[in-house]
Amino acid sequence: MTVGTPAAPTARPPRRTRRRGGRPWFDWMTLPAVLILGVVIGYPIVRTVLTSFYDYPLISPGHRYVGARNYHRLASDAVFWQALRNTAVYTAASVAGAMLAGLVLALVTERLRGPWRVLRGALLTPWAVPVIVVGFLFRFMFDQQGGVVDAVLMRTHATGTPVPWLTGGHWAMTSVIVANVWSQAPFFLLVFTAALGAIPAEVVEAARIDRAGGWTLLYRIKLPYLRDAALVGALLMIIQNFNNFPLIWTMTEGGPAYSTTTLVVYVYRLAFTSYDLGYASAVGAVWLVLLLAVAAGFIRVLRRRPV
Amino acid sequence: MATLSTRRRALPVLAGVVALGLLGTACGGGSSDGGSGGKTTITFANWADTEPATQAGLRKLIGAFEQAHPDIKVKSQPISFTDIEQRLLLQVRSGNAPDVAELAGNDTFATAETQALQPLDQLAGSAYEQSIIPAELQLGKVDGKLVAVPWTVGPVGLWYNKKVLKDAGVDPAVPPTTWDELLADAKAVHEKNPKTIALGLDSTDRTFGLDTNWPIIKSFGGQPFQGSQATASSPGFTAYLDFVRKIARSGYTPVNQKAGFFRQPAASDQVAFTVDGPYLKSVVQSTAKLTDQQFYDTWGVAPLPAASGQQHYSVATDHQLVLFKSSKHQQAAWEFMKFLSTSPEGIQYTITSEGSLPPVAQPGGDVAAALDNPVAKAFREQIIPLVTRPEWGATYAKAYSPVMAAVQSAMTGSQSTDAIASGLQSDLKPALQ
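Just so you know, the protein sequences line up as chains H and G, in that order. Residue numbers 1 to 307, in this note's numbering, belong to the letters of the first sequence in order. Residue numbers 1 to 433, in this note's numbering, belong to the letters of the second sequence in order.
This is chain H alone, in the form it adopts within the complex (with noise of 0.2 Å):
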C-alpha cells in the first residue's frame, strides 16, 4: 500500500473550532454557562432517563435493573393516563380561556386614553401574584364552607345548596382551571397590546376609507395580524401550564380521587411521598418528550416569523 506524499502546509492548518468563514463553531467565553447548564440541566435529564430503568426506591437500601418495566408499568396504569387526560384537558382549557379573555381585555382597552390607561395597568396585577398566593385565594373563594362564591349564589338564589366547587367531580378541575384563566389572562392581555400597537396605522386607515365597520376590521385586519402574536404566547403558556404544579396543589392537592391530577402532581406523589423513584422517572422522561415536543414546535414557530 503506498500512501502519497502529503503536500507540505504552506500555512498553519485552520483550528478545529473555526468554520470556513473564520466564525468559530463554539466561543470559548460560554464554557462556563455550558459547564453549569450541563451540570444543573443536563446531568439531571440524563440521571432521570436513567433510573427510569432500575426499581429505585429511596426508602430501601438498594436498588436493581429492571429494563423497560417501568414503562411498560405506565403502559396499563389508570392513573398515568388520566393524569395525561387532565394535563390535555387543564392546559388547552386554561390557555384558550386566558387566550380569549386576555384579547377581550385587549380589545376593550386599546382606545383608552389619558388617565384611563392606569385601568389597563391594574388588569395586569394578578400576572404579578405569585400562583400559590393565587390558588390559596382561589381555594377560600371556592371553598364549599362559607366560600364567597357559594355565598353569592345563594344569596341571589342561583342556587339554593352550596355547591362542591373544589370537592366535586368535575367542577374541582373547572374551578383550577378559572383560577388559572384568572392568573394567565393578563400575560395574553400584554401580548396582544403589544401587536395592536404594531397594526400599521395606514392599514387601519384604509380600512376605515374602504368603510370597514368595526367587526370587519376586527375579523380583516386585527386578528390577522394577532395571529403571530397569539401562538408564540399560546406556546409559552402550553409550556407553563404543563408544569403548573403549586396552582393545584394548593387548591386540591389533585383530588378528589384523580380527577385534577395532572402529570406533574402525579410525579410529584410517586416521587415525594412513595419514594418511587424509578417509575416517576419513567413518567418524567414521557413528560420531557412531550414537552420537547412542544418545545420544538415553538422554536420552528420562532424561525419562521420575520424578525
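It should be emphasised that the hints constitute simulated quantities derived from the structure, not laboratory data. Owing to the predicted nature of the structure, the values given are computational and were not obtained by experimental measurement. Just so you know, even glycine gets a beta-carbon here, dropped at the ideal spot from N, CA and C. Heads up, a few of these hints could be off.
[What the hints assert, rightly or not] Label-pair ranges, simulated between beta-carbon atoms:
| hint | chain 1 | residue 1 | chain 2 | residue 2 | range |
| --- | --- | --- | --- | --- | --- |
| 1 | G | Ser426 | H | Trp215 | 32 to 42 Å |
| 2 | G | Ala419 | H | Asn243 | 31 to 41 Å |
| 3 | H | Trp215 | G | Lys258 | 49 to 59 Å |
| 4 | G | Gln226 | H | Val46 | 36 to 46 Å |
| 5 | H | Pro130 | G | Asp143 | 45 to 55 Å |
| 6 | G | Lys195 | H | Pro130 | 24 to 34 Å |
| 7 | H | Ser76 | G | Arg249 | 24 to 34 Å |
| 8 | G | Gly95 | H | Tyr65 | 18 to 28 Å |
[What the hints assert, rightly or not] In the SDA-like style, the derived pairs of lysine to any residue whose C-alpha atoms are separated by at most 25 Å in a straight line are:
| hint | chain 1 | residue 1 | chain 2 | residue 2 |
| --- | --- | --- | --- | --- |
| 9 | G | Lys60 | G | Gln331 |
| 10 | G | Lys258 | G | Ala378 |
| 11 | G | Lys258 | H | Ala68 |
| 12 | G | Lys195 | H | Arg155 |
| 13 | G | Lys246 | H | Met173 |
| 14 | G | Lys187 | H | Ala151 |
| 15 | G | Lys429 | H | Ala68 |
| 16 | G | Lys258 | H | Pro130 |
| 17 | G | Lys192 | H | Arg155 |
Go by the hints and put chain G onto chain H.
Quick look at chain G alone, frame taken from chain H:
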C-alpha cells in the same frame, strides 16, 4: 498583535478556570465539627421548632436539658411536619443524618426501612421500658427491635360537642357506639342546622388521611391491604365505602379536608362530632378562650364507634423520637431522648405545649393531677387500649394514595362502591409489589 494573540489564547484558559471556580463554589459546602467549646453537640431534627404553638416550649425544654447536662449542647434543626420525612430520607442517603429526629406515623417506619435507625433496646434498658405505657412502647418496635420511643401520645377518638347535640335533641350523655347510631345523630344535627359540620373526618390523600381512616375501616371489618396483599375487595371495606359515601352525600362532612380544618369551626361550636387526637382540646381552648371546666362542659371524647358486631379501634398519632446509627454521640443523644420523653419538664411540655398525653405508665405528683380530668382519663383508659398499628412501612407509602383516592371517589363519584373496591384491589397490586 502578539499581545492580542496571547490574550486570545488565554481566554479559553481563563474561561475554564472561571467555570471550575464556579463549579467548586457550587459543589463545596461548609463544614462543621459538631463541637462547641468542648461540649458534645447533638442535632435534633423536628417540626416542633417550626410551629408557633410549640416553638417557645421546645426551646425552653432544650434549655432545661442543657442546664441539666452542661456538657451537651442541642442544635435544633427545624423542618416542617410535611417535609421532615423527605428531608430525613435525603439526609440519610447523603450521609448527613441528624443525631435525633421527631417523627410520626408512617414516617417512623419508612425511615426505619432505610436501616438507618439505631435499635434502642440496649440504650433504653428495662427501667425505661417499664416506665412507658406498654401499647405505646410496642408502637416503636420493628421486627422486635425498639427503633422509636414515644414523646407525645395522641390516639384518635370521637370528640362530641355536648351543646350542639343537645340543641339537636340528641342526648350528649350517651355518645354513639355504632356507626349507625352516629349517622342517626348526624342526621338530627344536620336537620337542625345544615351549616353545622355533623362529622369532621380527614379524607385527604395523605398518609395521615389513611391513618385517621384506618381504625374506621377496621371497625367495619375491612382492611385495604395486609403486608403485600391487596384485601380491598371485601364486604368490610365496601361497607366502609358505603359509610363515607353516606356522610359525604348527606352533607354531614366536607370532602378532602384535613383534620386541622375542623378544629377552628369546632372552637365556635360548628362541629358536632370530629375524629381527632387529644390536641383538639388545646386548639379549642386557645381559640375560644375556654377554661378547663368550660371545655369539659362543652366537649366530651369517646372511643370511635364500630359497625354492629365489630371491634372498636383507634390509631396513634404519636410523635416519636428516633436515633440515627450515624450519630457519633449516641449516649448523649439517648439522654436527650429520655429527657424529652419522661422527664418532668418533657411531660409538662407534652401536656401544655403539644396538648397531648405523656407516654409514662405511672404518672405521679403534678403529672397525675394534670391527667385527672375526664378527657385524659377517656384517652388513657378507654382509647389507648384500642390502638391498632396500620400497615406502616414502605408499602404504606405507595399504597395510601390509591386507597384515599378510592375513598374520595366513593365520597364524590357515582360508581358503585363494589366497583370502587374492585378497582382499588387492582390498583393496589402494582403498588404493593
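Now the hints, each set against the structure:
The given range of 32 to 42 Å is broken by serine 426 of chain G and tryptophan 215 of chain H, whose C-beta atoms sit roughly 55 Å from each other. Under the hint 31 to 41 Å, the C-beta atoms of alanine 419 of chain G and asparagine 243 of chain H, about 34 Å apart, fit the expected range. Between tryptophan 215 of chain H and lysine 258 of chain G the Cβ separation comes to about 51 Å, which falls inside the hinted range of 49 to 59 Å. A C-beta distance of roughly 40 Å is found between glutamine 226 of chain G and valine 46 of chain H, which places it inside the suggested range of 36 to 46 Å.
Between proline 130 of chain H and aspartate 143 of chain G the C-beta distance comes to about 46 Å, which sits within the given range of 45 to 55 Å. At about 32 Å, the CB distance of lysine 195 of chain G to proline 130 of chain H agrees with the hint of 24 to 34 Å. Hint check: serine 76 of chain H to arginine 249 of chain G, Cβ distance near 32 Å, so the stated range 24 to 34 Å holds. A hinted range of 18 to 28 Å for the beta carbons of glycine 95 of chain G and tyrosine 65 of chain H is consistent with their spacing of about 24 Å.
A distance of roughly 22 Å separates the Cα atoms of lysine 60 of chain G and glutamine 331 of chain G; the hinted pair therefore holds under the 25 Å criterion. About 24 Å separates the Cα atoms of lysine 258 of chain G and alanine 378 of chain G, which keeps this hinted pair within 25 Å; it holds. A threshold of 25 Å between alpha carbons decides the hint, and for lysine 258 of chain G with alanine 68 of chain H the separation of about 38 Å lies outside it, so the pair is violated. For the proposed pair lysine 195 of chain G and arginine 155 of chain H, the alpha carbon gap of about 15 Å is at most 25 Å, so the pair holds.
Our distance criterion of 25 Å between C-alpha atoms is met by lysine 246 of chain G and methionine 173 of chain H, whose separation comes to about 23 Å. For the proposed pair lysine 187 of chain G and alanine 151 of chain H, the alpha carbon gap of about 23 Å is at most 25 Å, so the pair holds. This hinted pair checks out: lysine 429 of chain G and alanine 68 of chain H have alpha carbons roughly 19 Å apart, not beyond 25 Å. Among the hinted pairs, lysine 258 of chain G with proline 130 of chain H is consistent with the structure: their alpha-carbon atoms are about 24 Å apart, no more than 25 Å.
Only pairs whose Cα atoms come within 25 Å are accepted, and lysine 192 of chain G paired with arginine 155 of chain H is accepted, the gap being roughly 20 Å.
Hints 1 and 11 from the earlier list are contradicted by this structure; the remaining hints agree with it.
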